[in-house]
Each structure stands twice: as C-alpha cells, then as structure tokens.
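Each chain, written out:
Number of protein chains: 2
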Amino acid sequence: MAVNLSTPNPADLRPVAGVRLGVAEAGIRKANRRDLTLIELAPGSRVAGVFTRNRFCAAPVQVCKAHLDGNDIRALVINTGIANAGTGEGGLAAARETCAATAQRFGIAAQQVLPFSTGVILEPLPVERLVAGLPAAQADLRADGWFDAAHAIMTTDTLAKAVSRTVEVGGRQVTITGMSKGAGMIKPNMATMLGFIACDAALAQPLLERLVREAADESFNSITVDGDTSTNDSFILIATGQAGNAEIVDAAGADWEALRAAVIDVAVRLAQAIVRDGEGATKFMSIVVEGGAQREECRKVAYAVAHSPLVKTAFFASDPNLGRILAAIGYAGIDDLDVNALKVWLGNPDESVMVAEHGGRAASYVEAAGARIMAHSELSVRIDLGRGQAAATVWTCDFSYDYVKINADYRS
Amino acid sequence: MAVNLSTPNPADLRPVAGVRLGVAEAGIRKANRRDLTLIELAPGSRVAGVFTRNRFCAAPVQVCKAHLDGNDIRALVINTGIANAGTGEGGLAAARETCAATAQRFGIAAQQVLPFSTGVILEPLPVERLVAGLPAAQADLRADGWFDAAHAIMTTDTLAKAVSRTVEVGGRQVTITGMSKGAGMIKPNMATMLGFIACDAALAQPLLERLVREAADESFNSITVDGDTSTNDSFILIATGQAGNAEIVDAAGADWEALRAAVIDVAVRLAQAIVRDGEGATKFMSIVVEGGAQREECRKVAYAVAHSPLVKTAFFASDPNLGRILAAIGYAGIDDLDVNALKVWLGNPDESVMVAEHGGRAASYVEAAGARIMAHSELSVRIDLGRGQAAATVWTCDFSYDYVKINADYRS
Numbered sequence: 001m002a003v004n005l006s007t008p009n010p011a012d013l014r015p016v017a018g019v020r021l022g023v024a025e026a027g028i029r030k031a032n033r034r035d036l037t038l039i040e041l042a043p044g045s046r047v048a049g050v051f052t053r054n055r056f057c058a059a060p061v062q063v064c065k066a067h068l069d070g071n072d073i074r075a076l077v078i079n080t081g082i083a084n085a086g087t088g089e090g091g092l093a094a095a096r097e098t099c100a101a102t103a104q105r106f107g108i109a110a111q112q113v114l115p116f117s118t119g120v121i122l123e124p125l126p127v128e129r130l131v132a133g134l135p136a137a138q139a140d141l142r143a144d145g146w147f148d149a150a151h152a153i154m155t156t157d158t159l160a161k162a163v164s165r166t167v168e169v170g171g172r173q174v175t176i177t178g179m180s181k182g183a184g185m186i187k188p189n190m191a192t193m194l195g196f197i198a199c200d201a202a203l204a205q206p207l208l209e210r211l212v213r214e215a216a217d218e219s220f221n222s223i224t225v226d227g228d229t230s231t232n233d234s235f236i237l238i239a240t241g242q243a244g245n246a247e248i249v250d251a252a253g254a255d256w257e258a259l260r261a262a263v264i265d266v267a268v269r270l271a272q273a274i275v276r277d278g279e280g281a282t283k284f285m286s287i288v289v290e291g292g293a294q295r296e297e298c299r300k301v302a303y304a305v306a307h308s309p310l311v312k313t314a315f316f317a318s319d320p321n322l323g324r325i326l327a328a329i330g331y332a333g334i335d336d337l338d339v340n341a342l343k344v345w346l347g348n349p350d351e352s353v354m355v356a357e358h359g360g361r362a363a364s365y366v367e368a369a370g371a372r373i374m375a376h377s378e379l380s381v382r383i384d385l386g387r388g389q390a391a392a393t394v395w396t397c398d399f400s401y402d403y404v405k406i407n408a409d410y411r412s
Numbered sequence: 001m002a003v004n005l006s007t008p009n010p011a012d013l014r015p016v017a018g019v020r021l022g023v024a025e026a027g028i029r030k031a032n033r034r035d036l037t038l039i040e041l042a043p044g045s046r047v048a049g050v051f052t053r054n055r056f057c058a059a060p061v062q063v064c065k066a067h068l069d070g071n072d073i074r075a076l077v078i079n080t081g082i083a084n085a086g087t088g089e090g091g092l093a094a095a096r097e098t099c100a101a102t103a104q105r106f107g108i109a110a111q112q113v114l115p116f117s118t119g120v121i122l123e124p125l126p127v128e129r130l131v132a133g134l135p136a137a138q139a140d141l142r143a144d145g146w147f148d149a150a151h152a153i154m155t156t157d158t159l160a161k162a163v164s165r166t167v168e169v170g171g172r173q174v175t176i177t178g179m180s181k182g183a184g185m186i187k188p189n190m191a192t193m194l195g196f197i198a199c200d201a202a203l204a205q206p207l208l209e210r211l212v213r214e215a216a217d218e219s220f221n222s223i224t225v226d227g228d229t230s231t232n233d234s235f236i237l238i239a240t241g242q243a244g245n246a247e248i249v250d251a252a253g254a255d256w257e258a259l260r261a262a263v264i265d266v267a268v269r270l271a272q273a274i275v276r277d278g279e280g281a282t283k284f285m286s287i288v289v290e291g292g293a294q295r296e297e298c299r300k301v302a303y304a305v306a307h308s309p310l311v312k313t314a315f316f317a318s319d320p321n322l323g324r325i326l327a328a329i330g331y332a333g334i335d336d337l338d339v340n341a342l343k344v345w346l347g348n349p350d351e352s353v354m355v356a357e358h359g360g361r362a363a364s365y366v367e368a369a370g371a372r373i374m375a376h377s378e379l380s381v382r383i384d385l386g387r388g389q390a391a392a393t394v395w396t397c398d399f400s401y402d403y404v405k406i407n408a409d410y411r412s
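Heads up: the sequence lines are chains F and L, in that order. By my numbering, the letter at position 394 of the first sequence is numbered 394, and the numbering carries on one by one without gaps. By my numbering, the letter at position 102 of the second sequence is numbered 102, and the numbering carries on one by one without gaps.
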C-alpha cells in the first residue's frame, strides 16, 4: 500500500503543446495488459536525458544514448514486461528494430526514436509483438494521454505517478507535465526507474542538458528503496518550444530560474512518488543531513541510514531505534567524524524532537516522544554532523514483510 | 532456522590449557537468562584483538583497545542484553567499573581485564547488576566451560557457535577452541559480532597480532548478513603458551604455517556459523569472485551481490534470478568493467552451471538447471571478472520474511 499517494486526477494532468501519447496492449510478457506506450513529439522539440551508470546497461539505454547524440528526436517507445537487459547483441538488434519500425510508421529516421524497456532482465524482447502493437498505440495518440500512459509504464507500481504544473516564463504560461514508474531497485544513480517530463518552454539545448542533470540530482538521484541500481534507468526531459516564450539561452536570468525551479519541483514529486509506492512501503522517510564539510559526505551519511535494513525494519515496526540510526551514521565512512558533535532529531509533520547529542541519547529525550512521532507515516530523520555548512536530503521508505513477498514472488 | 548448523557437541569442545570459563545470570536486561560470561587466563597468556571501525565505537571497545596496549590480560568479561554503546561518558565509566570490579575479585589490575558488551544500543549498562553477578560466574569457572559460555554470549542467535580442533606444532599437540555470536548487523568490518579463539600454543606477540588480523580478514571480515556494521564488534585471539612448543617467533617456519592455517580454519567455521544462523536465514550463499585485477575489486563485487536485497529475496524464493545478480555486479563500482568478459556460475555441493557469459545469459543455460541448483540450501555464485588473477570470497545468507519479523520485533 503506497504511503500518502493516490492516483492522479486525470483532469489535473495538463497536455503539453507538441506532445501526444498513446498506449496499447502488445502482449509483451502477459496478455490483456497495457504494456506499450508511444510518445510523439512535434518537430523542433528538444530532448535531453540521463541514464543508469550500471555497467550492465540495457540495450535500449545504449541505443538512447547514441540517438540523443544526434538529437532531433520525434518519438519515444516504452515497453514494460521485458527489460531487454543482459541480452547481448540480440538485445541491441531488438532495440534498433523497435526504433526502425516506429520510425517507419511516423515517416522519420530510426535515429529520431528513443526506446525504453522495463521489466524482467535477461529475457529476449519479443520485438515482433512490440511492433505488432505499434499501430494501436499510434491510433491512440492524443494530447491528454498522460493519464493512460502513466498507467501503461507501471511494473510493480501499485499506483500511476504523474504530475502537472504551470509557471510563468517570460510573460507566457509554460506547462510542465511528467510521469514516472518505480518501484523497487531504486537508488542514487537511478534504478528500474523511468521518468519523463515534458514542457512547452523554448529552452536552448545546452541549458536543457544542464537542467536534466540538475533535476535528476535533486530528485531521482536522491531516493532509494533498496539500494539496487538497475540496468534500465532513464530520465528524459523534453522542451517542445511551443509556449511562445523567448528562448531561454542564459542561465543567469529570471526565466531560467523560474523554469528550473518548476521542473525540479515536478521531478521531486515524481521521485518521491516512487518512494511512496516503494515495494511494501508503509512509511515515507526524509533523511536530512546538515552541517557536513561537503555535500558528498552528507549524501554518504544519508544513504547509509536510508540503506540500513536494520533502520528500515525498525521504522516498519514504528520503533524509534536510535541505536541503529547512530550505528549507520558511524559506519557511513567519515573517518574523522566526531560523534560528540553530532545531533539527531526525529520528526513528523507535527513535531520534531532531538533524540541524540554528545555521543548518546539526548538528556531531554523520552521514548514516549519517539513513539508518538513514529506513529505517523511521514517521518524525518535530521542529522547535524557539526562539521560545516553542506547539506543533502535522501528520501526512502521502510522495509516490510511485503517487500520480501513482492521481491520473492516477482517472477512467478 | 539456521542453515545446516547444529548445536556443538559439548564433548567436541576441547579445553585449552590456561583458559577457564564461567557463566551466570546477572539479570542485565531480562531475568532468568545466562547473560554474563567470565574468561580467566593463566599468567603469561598473550592476547590480541581487532575491533569495529564504526565511529560510534562502544565504550567497552574503547576500554579494550586501551587495555590491550598494556597487554598482560588475565580476564575477559562479556555481558549480553545491553551493548553499552552510544552511552557517552557514563558508558565509559560503566565499562571501567566492570573491569575494576572483576580485577578486584581476581587480585589483578583493572588494566588486565577486557570488557565486552552486546545487545541493545543507547541504554545504560546496569553495572551494579553485572558486578553482583561476578561471584557466581567466578564460582562457575572451569576448563570445560566453552559450551555454556557459547550459549551465554548469544543474543538473537538461535544456536550456540563453538568449534575445536588440534594441530601439531613443533612436535606438540596444540588445541584451538573458539566461540562466536551474531547474528544480524553483520558485515565486512564486523558487526554485533563477538569472536573469541584461544589456543595453548606459544606464539610471539607480534605474530599473534598479525594472526588475529589475517584470521579476521579471511573470516569475520568476509561475511555479511545485512550490511550493517555494529558498534561493538570484537574478535580476540588468545595464546596461553602452555602446549610446550618452542615459541614461534618466525613467520617463515612450518610451525607458523601450521598454527596459522588451523586458527584461520576455526575462525572461518565460526564466521560461517554466524551467517548460517543469520536472522531468518534459509540459504547459505558463498559469493566467489575470481579473475579480478586486485582483491579489493573482487571484494567490492562480492559484497555488492551479497548485500543486494533483490538478490537475497530471490535466493529466499529459490529463484535463479540472474538479472539481479548481473545488475549487482554492474553497479559494484568497477567503472571499466567489460560485461562481455564476465562469466557467472550458480552451484550447490552437487553441481555447478554456467549461467551468464558474453554480457547475457549463457547459451547452454536452461532454467531447469538453475531451479535444480536453487533447491539446495548451500549455494554458490561464482563470478569470473576476466580481468586478472585476484580473488575473494564472501559468505552471506538470504533475506526472508523472518528477517523482517526478527528485526521489527527485536526490542519488544
């Protein structure tokens, strides 16, 4: 059951001028399931992406990277069921064939198509079924297709994840709509995570590429469910340029700042939604680390806490087990950490309580306060390292019986 | 339920000349539980230890390190229930008081006592109860006390862990007996892991210190249950010098090699026993990584596979999910890993099957073979990185419903 997440309201998902989406049942791995999504982009759209750093990078990721070098992307094809990862030369051929077949239908070049796959690894992609599903997906293309597309890209997700917002940029209203899918295997450098955000702003290509990296860093690269990074993670940012704003070419201006903040806001909400729908999640946890010498050490501490199975099972049990949190901070790899300078707070949206200082439990802390805080499903662990001014936040969820159940049963 | 592990036969645990052990019920955290162990060493015994690298290193660990600097150790005191970690100055005072009270009973100096604690973190150690239990533990001292002591140091362990063996060194029979406790929070640089090995060999102090490090590296630092390293991990090696062998002073000789191999054998069996009794374990897994450029990168890959919750839940489900194994290898942090050079085998004691090569599933592999192998409770994943001659092995267990249950309920 997802933590404080619900299906988006279709009416809240605004079309982005220049983007149409369509879905189909292609029977990639199971029948009677929408498992194929097409996204069509108007001419002149700009696209940028960031991808998994896993050395077993899936075939579609390799093809995406190659095709993005040329840009002028006009279509995206997304299938679920089969990840087309660890499939060798045959997998690359299948991804290329997917692009070629899509290109043929749209009258464009194969290099103008980006392929995405998510699902079981090491199984061959039944490319003939995928291709056979393309006409139905193409016939389904429509500007208000975000809601259906957000459903069609789901794997173990229990809820679709999609967000829209508008922002004024250079006197024009810009619309930003995005969708994402998780849910397990989520970690810093992304996971079986797909994220697609489109806006109708006009934005120079170098700034689009900068924004996709900055947005990933603040959102999809700051979440973790189980610490595993997948072979297929991809985050794509699209700017169709149809909003009518003067093209943003300068990162110093107010237009850039406004657009940047709004895109990051959408990315963060999509990333948090993945954690909220983490496999078996019952708690949503923000791990906020402050007072670090550099951002990187703050991230190390935040991830050590967020990855600890002992911390995650304690949170599942609503147990304010400070010892496990402190132990995780202690092994995070900061060799010269002064545990006496450290302060730790536990919090929920209603209150925050200091639980540790001077190398042990805070004198003012009583377990009843910890238990009261942990009764909430939205929790924060705030850690002040007392070493400097840097900070980092990581979002994660707890570890439950259902995590084991879902992942032990996933292929059956 | 532990994996292929049973309670040691008391008759198999040989006394080590110069070592006596006694246990008592001190009511440290719960009543009617043997929670206090004393180990008395004859004069002239030599002691060396390695300890957790967690920055939140527990009070008794700090005291142990200080006392080992002086050596001439004559007694060890071990309590369960409370870890005396994250307890600040009060915790240090409690550990020192434990040593002082023990020293007084034995007529030795407090600096000749090593204290050990394991259990709940951040709670104050009720030192007065511990001290009140000392007379009973002292009265219980006996050379054949290993069996009871191995039980008295248990926390979430389901079975006691103790091993004996003999080896001929310089024409004399040397006896080596050891005990350990786990069970969760176990990882490279040790965890809520206590290990004590005593032998009656005569061994120079510098070689004893070398041997404790080498044995730890091959055993306790090559296991993982959940990746968490605790605040209290300690591994102690004792040489009483009463076997009558000529003191080993040279690491080049046959005496050293014989003793070294036997001590490491005992340490490996004690370390593996911790994994076999890992919280909720149903499978014992050896992750063998070969063909690495250096040992360190082999360990990185082995730990990435061993720590992956997705791999561990798949093994719990007896699912030969190669994709998760390959994904873990891919994110282990070897940036220039050539996935096409990689080979992976799955095995059990009866057979071994190549499952991956050329960046994907091995052409010869059929799922039925994988399923047949996974039906066993003793499993191996062998990975050839195809980059060099280095190798490393890590032992771990699977992740089950019971892991979550045990760790969600531990404090209740």
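No wet-lab data here; the hints were simulated from the structure. Some hints could be false.
The list cannot tell twin chains apart, which means a pair is met if one copy fits it or any two copies do.
Listed next, the in silico SDA-like pairs over lysine to any residue satisfying Cα-Cα at most 25 Å (straight line) [stated by the list, open to error]:
1) K30 to P43
2) K343 to A93
3) K300 to D335
4) K65 to P126
5) K30 to P15
Consistency of the hints with the structure:
In this homomeric assembly, K30 and P43 never come within 25 Å of each other (Cα to Cα): the closest approach is 34 Å inside a single copy and 73 Å across copies. Within a single copy, K343 and A93 get their C-alpha atoms only as close as 54 Å, which misses the 25 Å cut-off; across copies the closest is 22 Å, which meets it. For the identical chains of this complex, K300 and D335 are neighbours both inside a copy (12 Å) and across copies (19 Å), given an alpha-carbon limit of 25 Å. Taking the shortest Cα distances, K65 and P126 sit within 25 Å of each other inside one copy (22 Å), while across copies they are farther apart (61 Å).
Proximity of K30 to P15 under the C-alpha cut-off of 25 Å is found in neither arrangement, the shortest distances being 30 Å within a copy and 63 Å between copies.
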